[in-house]
Structures are given as C-alpha cells and as structure tokens.
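Take each chain as given, in its own frame, and dock them per the hints.
Chain order of the listed sequences is D and P. Quick note: the first sequence uses UniProt numbering, first residue 1, plus one each step. Quick note: the second sequence uses UniProt numbering, first residue 1, plus one each step.
No lab work stands behind these hints: they were computed from the structure. Keep in mind that a hint or two might mislead.
As the list claims (entries may be wrong) - Sample of chain P residues lacking proximity to chain D, with all beta carbon distances greater than 12 Å (derived): (1) I2; (2) R93; (3) V103; (4) G138; (5) V156; (6) A224; (7) R225; (8) A226; (9) V245; (10) I250; (11) F301; (12) A314.
Said to hold, decoys possible - Here are some chain D residues pointing at chain P (derived, C-beta under 8 Å): (13) L38; (14) T39; (15) S44; (16) D129; (17) E183; (18) V199; (19) P203; (20) I230; (21) A231; (22) A238; (23) A314; (24) F408; (25) A447.
Using N, Cα and C, we set each Cβ at its ideal position, and we do this for glycine too.
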Amino acid sequence: MTKLARALSLSASVAALALAAGAAQAETVRWARVADALTLDPHSQNEGPTLALLRHVYGTLVSRAVDGSLTPDLATSWEIHPEDPTIWVLHLREGVTFHDGSAFTAEDVVFSYERVLHESSGFRAIHADVVGAEAVDEYTVHVQMSGPSPLYPNNLTNFFIVDKTWAEANDVVAPQNYAAGEENFAVRNTNGTGPYQLVSRDPEVRTVLSVFDGYYGDAPQVTEVIYQPIAEAATRIAALLSGEVDFVQDVPVQDIARLEQTDGIAITTGPENRNIFFAYNATSPTLRSTNVADNPFSHPEIREAMALALDRDAIRQVVMRGQSQPSAAPLPPFVNGWTEEMNAYGAPDYERAAELVRSVYPDGFSVQLDCPNDRYLNDEAICQATVGMLGRIGINVSLNSQTRSLHFPLIENLETDFYLLGWGVPTFDSAYVFNFLVHTREGSYGAYNGGQYSNPEVDAMIEEIATMTDLDERNATIARIWDRVMEDRVFLNVHNQLLAYAVREGINIDVHPENSPTLWTVTID
Amino acid sequence: MIAFIIRRLLQSVIVMIAVAAVSFTLFRFVGDPINSMVGQETSIADRQALRDSLGLNDPIVLQFGRFLGNALQGEFGISYRLQMPVTELILQRLPATVELALVSGLLAFVLGLSLGVYTALRRRGVLSNIIMTASLIGVSLPTFLIGVLLIWVFAVELRWLPSNGRGEVVALGDCWSTGLLTHSGRLALILPAITLGLYQMTLIMRLVRAEMLEVLRADYIKFARARGLSARAVNFGHALKNTLVPVITITGLQLGSIIAFAIITETVFNWPGVGALFINSVRFVDVPVMAAYLMMIALIFVVINLIVDLLYYAVDPRLRVDRAGKAH
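Isolated chain P (complex conformation) (with noise of 0.2 Å):
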C-alpha cells in the first residue's frame, strides 16, 4: 500500500514538472510582454533594459529552472498586468471559480440523476422523450451561445436576473469570500452555474440512463420484482444504487474540468474568477500569472486522479494484488 502511493506520488510530481515545462514552452508563442506593460513612448533601449531586468533575454531552460525553483518556495513572482503578487491574486479569485463550479456540479449531478433515473423507468413516455431531445441541444450548443442566450431572456428582457458579476459578497475569514448568503450573490449565480453545469447535467442524464437501463435487464432485479417488492423499493433500493459507482467516478472527474474549464462562462458573465483572470493575462502575456495558473489546474486535476486512484484501491481488492512497476 505505502510503496503504491509513494509511486503515485512520484508520478504525480512527474506530471506536474512535465505541465509547467510545456507551459512555459508555449509562453514563447503567446508573444511579448513587454508592449503591453510599456507606453507608445518607451525608447527601444529602455524597453531591452526592462526585459533584460525581467530575465526575459535568457534562455528559456535558466527561465525555466528559475521559474521552478520560485515556485517550489510558493514564489509565483508579481503579475505584469495588475501589480500584485499573483499567489494572492489566484486565492482572491479562487473562491468565485470554486463556489460557481461547486454549485453547478451540484446542480448537474441532482437534475441529471432525477431525469435520468426518469427517462430510463418511462422509455416511451412522451416526456421522456421531450427530455432526450433537449439533452441533445444542450450537449451540442456552445457554452458561449446558451450563456448569451441566458443573458438576452433572463437579464435584458424578462430582467429576472443580472447578466453579469457575483453580486454582493461576504467574507468568510481572511482567504475566502463568498456570494450565497446573500441575496444578490444568490441570484447572479444561478445563470452562470446553469451555463457551466448543462453539459455535465446531460452527460450524467445520458449516463444514468443508460446504467440503469443496463441493469434493469439484470438478474438480480428480475429475482427482486419475483421477491414482490415494490417498484419503488427494485428501482431506487436496488438498481439505482448499482447504478451510483461509475456515476459518482464520471462526476468527481467533471469537477475538475469544471473548475479548469469555466474560462468561457467567466468571460461571458464577467464572473470574476481564476478563468477570467487566465484569459485577461493571455491577452496581456502576463507570464506570471498564466504559469501559476495552469500549475494550479494541473495540481487539481493531479490530485483528484490521485483519489480516485486511491478509492478504486480501496475499493477493488484485485489491484491488492501488488504488480511490481505497474500500477493502474
């Protein structure tokens, strides 16, 4: 068990050294920083000075090392753009990205599990069938277009609902603050997290549906209706909750892309999280920040592979059985 984790965990460390080095190879191609952080009026000499005094003429493996051995003392350097240490930045931001995806993960794991659990006990039902349709709307419009749309019913027209911010919010201690208690708050989250959340929500509708279908046909759950046990009891007791294991994998997994992948949800609700911060430093080449970025998601997506690795350990004794230099 020790040797399988401490294995992991040098895999880990692998993987994270391998995303900041093509992190920072791509850096070379996002263009110069120095434009943007300069006025019209800078002279060409003084603009050298200045991504000589940044370091930016040296080669990219001292770069690169320099870079690494900052950011193992949690050194992540000042963002070009606005000033501020970016380890802070990112913690100001994190609560907002986190809260967002959080709510809608919940979201789409609650609605996608009732209507997929739904569709698959009435397979002919006309509802069922209005459902399965408008899933596949949802898998196959564009984050951007059903926020836009979201927007232009809910804010402009109907004005249930602001388009775009966080509304009021409330710090929790020092490093977190967060919109759910109040009103405000409440409301300008419910569109962003309907954004982000509907193609989780019908990813697990599909996939709750399919399971269940799978295991309705099974023969344990012909022996329990044979039992006399109520529809109810056969359905949620026993082949929902057969169901639950690869649905609670597929989920903890879509959490991290929510959270790595909430970028355009952001920028289309200005919801002032990580991912608006990621793609306002692209358009500036605000190195510092786009590095410490991409390490962070790199680390979340690391670290919940790692769970899951450990759970399905913990979980399936066949993997108990210790193959030397190869883990799964």
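If we strip away everything but chain D, and leave its shape as in the complex, we get (with noise of 0.2 Å):
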C-alpha cells in the first residue's frame, strides 16, 4: 500500500468514524398523527393530541407507564398524610430544572395547582376534590382534599408543572380565557422541565421540539423531534412509506395488513384505554322513536336478547379487520375493577333473541340509533353492523350517524333512545365510569350517563368508594357495583379499541394505552 493509499484510508475511517459517532448523537424523529395539539398552554386543553405533545416539553408530578402503572416522576414519593387522612403529601425531586434554568421547587407546585384551578382551565374537573396546595418547605407539598381521595395520585399523570416565575414575568397566571380575545403568551410558548424543549412551532404545520441537555432523566436517544399533523389518513401514509416521516401514530385499520408487509416498515399495535359500547334508555315510561306504546328498553328480555344478537367477533373480523378486543366489560383490561368473568360473552343465538323479542312485541318494534362517524375507529361501520344483527331479532333500527359535534350533544341534553359511545378511563379505576356513566346524572355525576340509568342503591356505593381508605373494602364495594350494573345490563360493549403505530424500522417505540407515546424512551437500532 503507497502512503498516499494509506491516508486516504486513514482519513475514510476516520470521517466513518466521526459519521458513526454523529449518528448516535443526533437523532430525529418525524412523528405524523391525525391532529395537531392545541395549544401549548398546559392547562388549557384536556385533549389527547395536546397532552401527548406537551408531555414532552412539560413534566408531571406522576406518570403513567406503558403497562398502566404508576411511576415517579418530578414527585419521587407521595403518601397520605398519617395524621388526616385529607392530606396528600407529595416529596419532590431535587435538583431539576425548568428550561430557563430556573430551579424547580415546592413553589412552582403550588403555582400550578392555582393555574390548573382556575375557571378558565380545562383540568379544573380532574382536581375538583383538591381544597388548595400547600409549601411545606422547599421540596415539599401539602394537597389539602375535600375529603380522603386514596386514589388521587392518579389523576396527577396529566398535570403539567408550569415555572411560577416565568408566568408572572409573561402575564400567564391564568389559562386562555376565549371570551376576552386577546392571545395567550403561553398558547405558543412554553418553559417546562420535560426532556424537549421548543425550538419553533406553526400550527398546524410542523413542531419541533430539541433535546434539553438539563433533564434530570436518562438522555433520551432521539434528540430531536419533528411533530407534522397529517389530517388525510392516505396521505399520512404515503409520506410514510415515501420515507419522509419516520412514525405514524393514527394508522387507519385498513391499511395495518398491507404496511405489515411493506419492508423497511414495522407496525406495533396494544390495547388502547378506551372502550366501545352501546347504551339505551330504559327508565323513562316512552321512548322518542320507537313505534310501541311503552319503552321496549325496560323490559329485561329485550336487553337480553339485543346481548345475544351482538356478534363481537363479526365485528372485530369485518369491521375492525382483527384491530379489536371483543369483551362484555364496559371497561379497558387494566383498569381496577376488570374480572374475566365481566369480560366473558358467548357467541350469538339468533333463534332465543328473537324469541325473547317476540315474547313482549309479536311483530318487534322499531328504535332510532345515534352514531358518530368521526370519532371512533370504524364507528359508523360498527352501527351499520349492529343495524342489521338487531334486524335479525325483529328489532327494526333507523340509524342516525353524524359528526362528533351533533351526536354528544345528544347524549348531554337526553335526546337520544339509543347510542354508542366510547369511554376511556384515565384514572385507571372503576370510579371513573361509574361517577360519570352510572350515577344519576346530578350535580357533577352522570354526565354521560345518557341512557338515564338511575338506582339509589348503587348511587349510594359510588359516592361510598369516592372516600374509603381501605382498598381491599373499597375493590369489594367496586365489585358490588358491577355485579348490579352487569345485571341490569346497563351497556351493551362490544370491544377495546386497538392501537397501532407504524414505524419506519429500526426504530422501538411501545404503544401506550392513552394513546400518548413518549419519544425519549424510543430506541432506535
């Protein structure tokens, strides 16, 4: 080899090298999903696209790992105060900084709680039990209850931690207030403690967000992150498999078997928190659309036999192409209060459901069904399928499928006989569904409980759970509970959704079940 060949050699591995060395520092990701957050401000928008961009730039005091459970976050520990059971105290993590630099302390906490309670904000309903929050010295905060919340911490996985200090110096005490018409400063800029920080943001367009050198976690693999709202679903696709983005969060159910087999493309999928079920009115003593005198949903049989006409797996086969998982539980897998026993159904009797139909209407009757068909996957598809199993039974359904913003409001204000509704269970307990789904609607209870289900007995238990501290007590009243509901067949489930991701191989990312990835745990191979 000449000298002149062995530089040259030389100096090649040594570019390699640099090259490979570069390549492990620096890492984007070009992340692509249906909808853009927003807005940045972190206690403006209780919204799933929202929260998963802002998980990113702000910290939270728990989080919520891939499986479900609880973990540590900017709050190291948390217990309930051993002299009033009212208390929530809450040990914070030392040494973390904000992105300014500023220090992150008890002070800062209790900012936020002020922030995240204010009329304007919209997580004022997850912190309605909290009273105030208090400093107790520099690492420690005092959660001052209206009553024992043993289950409290989980409703802490969505609390952004906002620096007090920058938020008086930019006038953001307050969230976005709509009704003033004036910008808030934090709508488009942020200061948190999370692993990214902002480096520009056009909505709508494309966000993108730099790793911050001062995290206190592990540092993150990927350092950089491009953030593009794809609304079309084959267009967030072709720039897929076009290579110009590198992960698809809302991958359309259709297009997961042909991606699968695409090289160069990995798909993940896992169970989302989120349930997809039917319910019905069956306490008032007439319906608004049906053709018999009386409400066909009170009488038993006629809940009993839609139960046995219900094919789930036809659904989960045609509707859902295998992107379902069918159950009879009006709730996610994971969350407290699941038994196998719930989630068992068997498969359809065609001939007793029409039967038990015939046996209070000879002829059947006939019902109106309200449908979204753009809020969950295939809603409307799931509606049409369930249209014609009732048809078999002699259960004639009219279908009435519309956008999100004309069905809830539906439900809101009791307009509806018979609807379909998914419920996803942040808290990761029962009490979540029941408060909202079961309890007679009153005062903040039953706000979807639009079918107006309404038994004292059980309403009395759910407020009962709301404040009991003995846990093995409180999983049994739970248990109680939905004995009855199941019972009475208050929903007719059909499945939990799934989630699937699609990837551009190479790079590990795990489905969450809130729908909310968190790119500084990605690895990339």
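In structure tokens form, the structure reads like this:
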C-alpha cells in the first residue's frame, strides 16, 4: 500500500467514525399524527394530541408507564398524611431545572395548582376534590382534599408543572380565556422541565423539539422531534411509505395488513384505554323514536335479546379487520375493577334472541340508533353492522349517524334513546366509569349517563367508594356495583379499541394505552 | 360612471351581508363547539357557563349583530380550536393558498392555451385526438383521486417529489412567506399545482379550441389568408388574439374559485393553506374561523366581479349608455 493510499484510507475511516459518532448523537424522529396539539398552554385543553405533545415539554408529578402503572416523576414519592387522611403529601425531586435554567421547587407546584384550578382551566374537573396546595418546605407539598381521596395520584399524570416566575413575568397566570378576545403568551411559548424544549412551532404545520441538556432523567436517544399533523389518512401513510416521516401514530385499520408486508416498515399494536359500547334509555316510560307505546328497553327480555344478537367476533373480523378486543365488560382490561368474568361473552344466539323479542312484541319494534361517524375507529361501520344484527331478531333500527359535534350534545341533552359511546378511563379505576356513566345525573355526577340509569343503591355505593381508604373494602364495593350494573345490562359493550403505530424499521416504540407515545423512551437500532 | 361604481359598491355590501347571514344560519347546524373545547370530565354546569360566556345561548339575531359589529372593525375574535386571533391565523395561511392558486392558475392558462391552439389547428391529428380524450379524464376524475394517484406515483413509487407539506419557506417581510425561493418549496408545489389546475386547464383548453375553430371560419381570417399572410401571422396574430377576450374573463373568474375550492387539494397534500384551515375548523365547529373564512371568500368573489364589471364598462361602449336603475 502506498503512503498516499494509506493516508486516504486512514482519513476515510476517521470520517466514517466521525459519521457514526454523529449518527449516535443526533437522531431525529419525524412524527405524524392526524391532528395537531390545540395549544401549548399546559392547563387549557384536556385533549389527546395536546397532552401527548405537551408531555414532551412539560413534566408531571407522576407518570403513567406503558403497562398502566404509576411511576415517580417530578414527585419521587407520595403518601397520605399519617394524621389527616384528607391530605396528600408529595415529596419532590431535587435538582430539577426548567428549560430557562430556573430551579424547580414546591412554589412551582403550588402555583401550578392555582393555575389548574382557575376558572378558565380545562382540567378543573380532574382536580375537583382539591381544596388547595401548600408548600411545607422547598421540596414538600401538602395537597388538601375536600375528603379522603385514596386514588388521587392517578389524577396527576396529566398535570403539567409550570414555572411560577416565568408565568408571572409573561402574564400567563391563568389559562386562555376565549371570551377575553386576546391571545395568551403560553399558547405558543413554553418553559417546562420535560426532556425536550420547543425550538419552533407553526400551528398545524410543524412543531420542532430538541433535547433539553439539563433533563434530570436518562438522556434520550432521540435528540430531535419534528411533529407534523397530517389530517388525510392516505397522505399520512404515503408520507411514511415515501420516507418523509418516521412514525405514524394514527394508522387506519384497513392499511395495517399492507404496511406489515412492506419492507422497511414495522407495525406495533397494543390495547387502547378506550372501550366502545352501546347504551340505551331503559328508565323513561316512553321513547322518542319507537313505534310501540311503552319503552322497549325497559323490558329485561329485550336487553337480553340484544346482548344475544350482538356478534362481537364478526365485528372484530369484518369491521375492525382483527384490530379490536371483543369484550362484554364496559371497561378496558387494565382498569381496577375489571374481571375475566365480566369480560366473557358467548356466541350469538339469534333464535333465542328473536324468541325473547317476540315474547314482548309479537311484531317486533323499531327504534333509532344515534352514532358518531368521525370519533372512534370505524364507529359508523360498527353501528351499521349492529343494525343488521338487530334486524334479524325483529328490532327494526334506523341509523342516525353524524359528526361528533352533533352526536355528543344528544347525550348531554338526553335527546337519544339508543347510542354509541366510547369511554377511556384516565384514572385507571372503575370509579371514573361509575361517576360519569352510572350514577344518576345530578351535580357533577352522570354527565354521560345518557341512558338515564338511576339506582339509589348503586348511587350510594358510588359516593361511598370516593372516600374509602381501605382498598380491599373499596374493591369489594366496586365488584358489587359492577355485579349490579352487569345484571341490569346498563351497557351493551362491543370491544376495546386497539392502537396501531407504524414506524420506519429500527425505531422501537411502545404503544401507550392512553395513545400518548413518549419519544424520549424510544430506542433506535 | 361614478353613479355606476357607487351602485355596484352598494350591491357588493348587500351581497357581503347576505353571505354573512346565510353562513351564520348554517352554523346552527354544524353542531356544538363546547364539546370539542372541554375535556370529557367537565361538568354540565361548567359547559353551560362557557356557552354563556361565549354568547352561544343568545338569540341568533343578537349573535349575528355582534359578529357584524366586530367584523366591521376587522375583529373576528379568538379561534376556539387554536386559541389564536382569527385574523392572524388566516393571514398566516393565506400566502400558501394564494401561491398555490397563482401557480396552478398560470399552469392551467399556459398549458390550456397552447394545447387548445394546437388541437384547433391540427383538428384531425392523432395527437390532438389523444389530447382531447385525455382532457375528458381530467374533467371527469375527482380532484381527490387525481391527488392520491399523483402522490402514489411520484412520491411513493418514484420518490421524486414530496407527498405533503410546503417544503421550506422563506419569510418576505412580516406578512408573507414564500416557498418559491427554496428548492424543496418548489418541488412541493408541483403535485398540488397540477392537481388543482388540471380541471381549469382542460376547461381553458376546450374553450380556446372552440373559440379558435369559430374564429378560423370568420371572413377576416379568410381575407387575411387571401392577402397572402403567413400561417403563423394568421393563426397567432389574428385568430388567437380574437379568441383571448372570453378566455381572459374566464381565467380571471376561475382564479376566485381556485382559491375558494383549493380545500380538497390542500387536504390531500396537507398543504397549510386557508382551505385546510377551514376544513379543520368545520370538524371542530370553530365558528370564528369559519365565519371569517366565508367572509373572506365572499370578499374575493365580490372584488373580482366588481373589477370584471368595471373592465366591461371600460371596454364595451354600449354599457356606458346609462340605463337608470339597471346595471349589468
């Protein structure tokens, strides 16, 4: 080998080394999703894509791991005050700094509590039981609750901590108030403790985040995140296939099989914290949309017949292309209170179901089903399939499927007899389902109880579990409530949704049950 | 002349108010914005309070009056969805749409004109027949499908052009951003411009062809030929010139509809323009943005029509004979 060749090969290998080192240090992931975060204000919009993006910039006291368990974050530990069960003691992590370099202390947590409880906050309801927070010392906070709240830490996973001095200096002490007519500084500017800091943001076009060197956790392998909302499903998938994005979060179920066979693309699926079910009004003496004089759903035979007629496996295969977990239990499997027994469902029995319908209404009956068509995975198709199944047993269902902004007011205003709803359980506890869907509608209870189920016994038990501190006793009560709810057939559950993430091969990402992927935990081969 | 202009201006104002009134009545059927604005935990009482504070419970006439009053001051409020001032949002998105519309309009005009002339001159040529048949496809295929097909061929299979977005943009002053000055910006413009302009192109091509065939039969063309002028001078100097008046009118009017109906193209190519903004706002029931967008589109149409009317007035002497109370 000549001297020149040696020198050349040496410099080439040095260059290769430098390149390899550079590649290990700088990894960019281009992340596409159907919608953009609505705002960067951490306490304004309690909405999926907004929370998912903000999680990368703002830290929370407690985090939710991929398996659903709670893990320490800005709080290293938490416990109920030994002398007063209505106080939660939070011990904060020391040595954490915000992106602007200021230190994270108990004052910031207290301030964040004031902000999240403000009238214009979108998270007020999650912290409804909080009376106030108080800094005991620099790294300890006491949260005063209105009564014993043993499961309150579950509500902290979407509570982002802001810097008090930054918020005061920029006049963002309160979240955006729409009626005020002026824009809040926090909508487009951030200062959090999260693993990434904001580099630039063009709403609905592109948001760029780069790794924060002062992050207290392990240094992320992904050093730059480029977040691009792409609303159209075909375009989103095309961008992945053409190599313009690395990670697509919302993959349409009909594309999964094709993507799995495409070279260089990997698909990860996992259960989402959301189940899809039908509910109906079994309480009112008459219905708006039926052709019979009384309320058909008030007959237990009819409710049983509908359960017998729903072919969940067919919906899974035909409508969802295998991307669902059929279940009779109206809650996701990782939620406290779920049992194998509730989950079990039998094969459909149309003969028996038709007989049951005939025993009450010899000529059958008709009713309207209200369904959203742009909210859940294949929601309209699920309703259409169900209409066919119920038609076989003498229930003539007319389908009213419409956009979400028209569908949900029907439930809120009690203007529907029979409807489809999807429900996620962010606290991972049955009480959340009971409070919103089972308890009689009064005060803050029963907002989505569109079927108007009302059972004083059940209501009393629901109110009881809110303040129970003995967890075994509490779980026993939860089981008793579920027994009653399942026996009364309050819900006709279809399935739990599955999530599918599509990535460029070599990117390892876990499906998060709340559909809130964490790019700082992503590894790259 | 001044009376004519004043009359036209007054008519334009009435059209704008009518558009505002119609769109405002339609918003009642789009649904309830509150549901998208708050989390599922929000109590019914809190939802009502927000509805009250936004004035959504007021009678529709009162809401309309308030909207008109604010709109007159150029004030369209805060977007329910993106929490930014609506005027700023629209101005930020407008350059993308205008650039796309102008490029595809230009493309449609240049290609449509040359193909139209070619097919008129070579009426029985093989290529002319192929072009005419292909133009039928251009007219009959929906924009959405054309866009997806182009993406599939040029972005996914060949990987020559980007499938979505606007590429890199350069800010020109405070209120304009352009993708025309960067390589990635120009590449990103190609597919959406073709998609958006294809229909207009076939329209112009067929119009030019029909007009040319008409003019080529006229006596003055025969006379020009008889004078021994070259085919080039006859075809382009005389025939084409006389076909251009209706073609320019149509192209001008079509520019308005290209801007207004870029919605589908922008959605398919994830093009960050006002059309995509409008579609996302409809999904969210973002009333302030929807109202402002519709007003803007109405304004564009009204202005273009006004200009066209004034041009006619200038060009056509017959209109200058003042017919009281009846303007064309």
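- Return the numbers of the hints above that this structure violates; sort them in rising order. Violated hints: 2, 5, 16, 18, 23; rest satisfied.
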